[in-house]
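> Sequence:
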Amino acid sequence: MKTAHDLLAAAKARIQEISVDQADEAILKADALIDVREADEYAAGHLPGAMLIPRGLLEFKLSMMPQLNDRALPIVVYCQGGGRSALAASTLMDMGYNNVRSLAGGFEAWNKAGKPVIRPEPVKYD
Numbered sequence: 002m003k004t005a006h007d008l009l010a011a012a013k014a015r016i017q018e019i020s021v022d023q024a025d026e027a028i029l030k031a032d033a034l035i036d037v038r039e040a041d042e043y044a045a046g047h048l049p050g051a052m053l054i055p056r057g058l059l060e061f062k063l064s065m066m067p068q069l070n071d072r073a074l075p076i077v078v079y080c081q082g083g084g085r086s087a088l089a090a091s092t093l094m095d096m097g098y099n100n101v102r103s104l105a106g107g108f109e110a111w112n113k114a115g116k117p118v119i120r121p122e123p124v125k126y127d
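The working numbering puts the sequence shown at residues 2 to 127.
Just to be clear, a hint being listed does not mean it is correct.
Claimed, not checked - Below, in silico cross-link-like pairs of lysine to aspartate or glutamate (EDC-like), each with a Cα-Cα straight-line distance of 16 Å or less:
# : residue 1 : residue 2
1 : K13       : D95
2 : K116      : E26
3 : K113      : D22
4 : K113      : D25
5 : K116      : D22
6 : K116      : D25
7 : K62       : E39
Unchecked claim - Beta-carbon label-pair distances, calculated as ranges:
#  : residue 1 : residue 2 : range
8  : M66       : K3        : 28 to 34 Å
9  : K116      : M65       : 26 to 32 Å
10 : D22       : Y126      : 40 to 46 Å
11 : A5        : E42       : 15 to 21 Å
12 : K125      : Q23       : 36 to 42 Å
Rather than coming from a laboratory, the hints here were simulated on the basis of the structure.
Heads up, the beta-carbon is just placed ideally off N, CA and C, and yes, glycines get one too.
Please take these sequences and the hints and turn them into a complete structure.
So, in structure tokens, the structure goes:
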């Protein structure tokens with residue numbers, strides 16, 4: 002029986018991961034920057050221009066987005082630490098997408114590098 006570690010290792014062996022240093026260029030060239038974390042994680046902070054598609058809904062949401070039907074579109078995916086996005090990138094490859102990159106280290110690495118993050122403004126009550 003395969004473990005989560007086995008599945009992650011298999012995914013990372015077949016996908017293309019990019020470092021935070023490579024991410025700026027890849028994101029500029031991408032037609033979609035997808036955050037595969039959960040809604041509460043996205044709401045707490047996300048990369049500029051990222052759309053939220055939680056990993057558990059990825060296949061379904063992409064199937065309903067005609068703008069992402071072209072399987073050659075460049076796509077960058079990320080999560081909190083790089084694991085879920087690696088699995089998501091592997092899934093996208095299974096769906097026929099052939100130009101997918103996963104951000105190694107995910108949001109944590111991006112944030113640690115001091116890259117820009119969109120954070121909601123706190124609600125102020127008078």
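> Give a verdict on every hint.
Quick rundown of the hints versus the structure:
no., hint, in the structure
1, K13 <-> D95, "14 Å, holds"
2, K116 <-> E26, "13 Å, holds"
3, K113 <-> D22, "12 Å, holds"
4, K113 <-> D25, "15 Å, holds"
5, K116 <-> D22, "10 Å, holds"
6, K116 <-> D25, "9 Å, holds"
7, K62 <-> E39, "14 Å, holds"
8, M66 <-> K3: 28 to 34 Å, "30 Å, holds"
9, K116 <-> M65: 26 to 32 Å, "30 Å, holds"
10, D22 <-> Y126: 40 to 46 Å, "41 Å, holds"
11, A5 <-> E42: 15 to 21 Å, "19 Å, holds"
12, K125 <-> Q23: 36 to 42 Å, "38 Å, holds"
Every hint, counting from the list given before, is met by this structure.
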